[in-house]
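Chemist: Read off the chains here:
Protein chains: 2
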Amino acid sequence: MKRIFIQEVVTRDGLQNEDQFIPTDKKVELINQLSDAGVDKIEVTSFVSPKAIPNLKDAEEVMSKIERKPGVIYSALVPNLRGVKRATSCAVDEINLLVSVSETHNLKNVRRTTDQTFESFHEIMSFLSNKNIRVNGSLGTSFGCPFEGNISEDSVLRLIDQYLELGVSGITLADTTGMATPTQVYQLSKNVLKHWPDLPLTLHFHNTRGMALANVNEGIRAGVTRFDSSLGGLGGCPFAPGATGNVCTEDLVHMLKFMGYEIKADLDQLIDSANYLQSRLTHDLPGQVVKAGKITDLHSASEL
Amino acid sequence: MKRIFIQEVVTRDGLQNEDQFIPTDKKVELINQLSDAGVDKIEVTSFVSPKAIPNLKDAEEVMSKIERKPGVIYSALVPNLRGVKRATSCAVDEINLLVSVSETHNLKNVRRTTDQTFESFHEIMSFLSNKNIRVNGSLGTSFGCPFEGNISEDSVLRLIDQYLELGVSGITLADTTGMATPTQVYQLSKNVLKHWPDLPLTLHFHNTRGMALANVNEGIRAGVTRFDSSLGGLGGCPFAPGATGNVCTEDLVHMLKFMGYEIKADLDQLIDSANYLQSRLTHDLPGQVVKAGKITDLHSASEL
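Those protein sequences? They're chains A and B, same order as listed.
For the record, in the first sequence the residue sitting at position 167 is 167 according to the working numbering, with numbers rising by one throughout.
For the record, in the second sequence the residue sitting at position 73 is 73 according to the working numbering, with numbers rising by one throughout.
Hints in this document: simulated from the structure, not taken from any laboratory.
No experiment lies behind these values; they were computed from the predicted model shown.
Positions of the beta carbon are idealized from the N, C-alpha and C atoms, including for glycine.
Take these hints with a grain of salt, some might be off.
Unchecked claim - Sample of chain A residues with no beta-carbon within 10 angstroms of chain B, all distances over it, derived:
hint: 1; residue: 55
hint: 2; residue: 70
hint: 3; residue: 74
hint: 4; residue: 263
hint: 5; residue: 291
Said to hold, decoys possible - One-sided and incomplete, this derived list gives chain B residues near chain A with beta-carbon spacing under 8 angstroms:
hint: 6; residue: 104
hint: 7; residue: 178
hint: 8; residue: 183
hint: 9; residue: 187
hint: 10; residue: 208
hint: 11; residue: 213
hint: 12; residue: 244
hint: 13; residue: 251
hint: 14; residue: 258
hint: 15; residue: 260
hint: 16; residue: 298
hint: 17; residue: 301
hint: 18; residue: 303
Chain A on its own, in the form it takes in the complex (with noise of 0.2 angstroms):
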């Protein structure tokens, strides 16, 4: 069966949005946990400015702090060339870049244009040109922006294209606030790979609306083999408080690897980090296979 890639963003999606600071040591110690359940990707902070986001104001510090295990992709999320000088000095192995395809979301996110915001990383790729560094481009507000409402399918390829002119090696196409159907995720995902047929190419979905895992099939069925999900389905919706955030890692991993595909991450493994994780929190991940159990966790009929 075809492999599917896991790319962790608890420590950066997940954690970004949570009021309570969570120690330097204790991200470390999940970082590590994830690197040894075996995802493929860890996007481990973001190289911003601290009074942005408070909780990854220790970005350098959880970076020399983690173990680097083989094999394992350990990226940031950067937004300018000030965090990118960070993030090298950290020696990550991919940066993250982000735009928004929504001008209105953009403004709102980085108080820049998208046009702005390219000519920041025409600066950032120069300054990489030398260095051994992967660059990845994401595309926020992919699936839908909560203020402009739609988002063209051109104005997407538009900005994959920018994208691959300025030289980075994947593209994540990011359904920031959870607004993607079943039938716009295959639809885009096989447009995308129509034009670019060997482009890695990433979905980052948020269960805002309860659709996500119904999404990443939609995206498998049009080609896609890599989605960014967050342990716990840690996250949230700026909108809605009481909504969910991230597409769950480990409801993700539980319902692929149930359909019969190639995951090396364990499963286990996730769902004992995702039982640490909570013990960190004060409130409750909306992760579901860690209260129900496995599929193949049977039960005994005298437990009725």
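Chain B: place on chain A using the hints.
Modeler: Positioned in the frame of chain A, the structure of chain B alone reads:
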């Protein structure tokens, strides 16, 4: 686009797990709201022993007080001839029979073997022979049993055959404890519809491990057009107190409408009803669209 039929089970499968008794007039109000919203079928109640399921002890009263809306099928789950006599006295449109494919689960659930259960169905069918009442045959644990584990497709096909010989007019495959994977749903549904192309086939999913919406999509891909669902996702898993229950009606309708399917039920009315249901309960409902809003609910850029 394809017409998909939404069959609401909240007042039966949802409420049967509630410790707190929901007053009869609230049940009636909820069912009337669901009729107005335009769902295709409502499993109103179950004619079981009030000792077994105290929350459904008012089955006759609920059936007699609801407003019957033309075009909506009012159904009831019935475990035995005694229940059938009660149900027919209330003029239900459809009687839903239930047997588990898993012998262990059936013994646990109704303290009879599947053969004994089918014997009682013969009695029921002969009692109903001169009455104009539809009968649907449900198969519990069709995708896996929490005691026995895997359930073979052959055993499902065999029991469908037994039901059809009895003269039922439709079949429901129920994923009683949320064990179905998308791959399995596609394969089993395809196989059933290959054997009986014109069979009115319903899939009944629980979202115990987060896969229900993905399973619905695979059911549709295999040709299924009828789905049971529960408003707010009310329901539960007897083995996992924290786990979610049935697939959530408004989340299901939200996904399918935005995928372009034709659904009679009005999404906004369903969301209003889910909020009404939430206001009658003391615990949080798992439905996500109620918390996050529809994907078309846009925000002002000044909101953040």
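Chemist: Does each hint fit the structure? Answer for all of them.
Modeler: Results for each hint:
No beta-carbon of chain B is positioned within 10 angstroms of the beta-carbon of residue 55(A); the least distance is around 18 angstroms. Every CB of chain B is more than 10 angstroms from the CB of residue 70(A) (nearest about 32 angstroms), matching its label as outside the interface. In this structure residue 74(A) is separated from chain B by more than 10 angstroms, as the shortest Cβ-Cβ distance comes to about 28 angstroms. Chain B leaves residue 263(A) outside its interface by the beta-carbon criterion, the shortest separation being 14 angstroms against a cut-off of 10 angstroms.
In this structure residue 291(A) is not separated from chain B by more than 10 angstroms, as the shortest Cβ-Cβ distance comes to only about 4 angstroms. The beta carbon of residue 104(B) comes within 5 angstroms of a beta carbon in chain A, closer than 8 angstroms, and the hint placing it at the interface holds. Because the smallest distance between the Cβ of residue 178(B) and any Cβ of chain A comes to about 7 angstroms, under 8 angstroms, the interface hint for this residue holds. Among the interface hints, the one on residue 183(B) holds; its C-beta lies about 4 angstroms from the nearest C-beta in chain A, closer than the 8 angstroms criterion.
For residue 187(B), the interface hint is violated, since its Cβ never comes within 8 angstroms of a Cβ in chain A; the closest pair sits about 11 angstroms apart. At its closest, the beta carbon of residue 208(B) sits 5 angstroms from a beta carbon of chain A; the interface hint therefore holds under the 8 angstroms criterion. A distance limit of 8 angstroms between C-beta atoms decides the matter here; for residue 213(B) the minimum to chain A is near 5 angstroms, and the interface restraint holds. The beta carbon of residue 244(B) is positioned within 8 angstroms of a beta carbon in chain A (closest approach about 6 angstroms), and the interface hint is therefore held.
Hint on residue 251(B) holds. Least Cβ distance to chain A is approximately 5 angstroms, under the 8 angstroms limit. A least Cβ separation of about 5 angstroms between residue 258(B) and chain A falls short of the 8 angstroms threshold, and the interface hint therefore holds. A distance limit of 8 angstroms between C-beta atoms decides the matter here; for residue 260(B) the minimum to chain A is near 6 angstroms, and the interface restraint holds. This hint holds: residue 298(B) has a C-beta 5 angstroms from the nearest C-beta of chain A, less than the 8 angstroms allowed.
Hint status for residue 301(B) relative to chain A: holds, with the closest Cβ pair at about 5 angstroms, below 8 angstroms. This hint holds: residue 303(B) has a C-beta 7 angstroms from the nearest C-beta of chain A, less than the 8 angstroms allowed.
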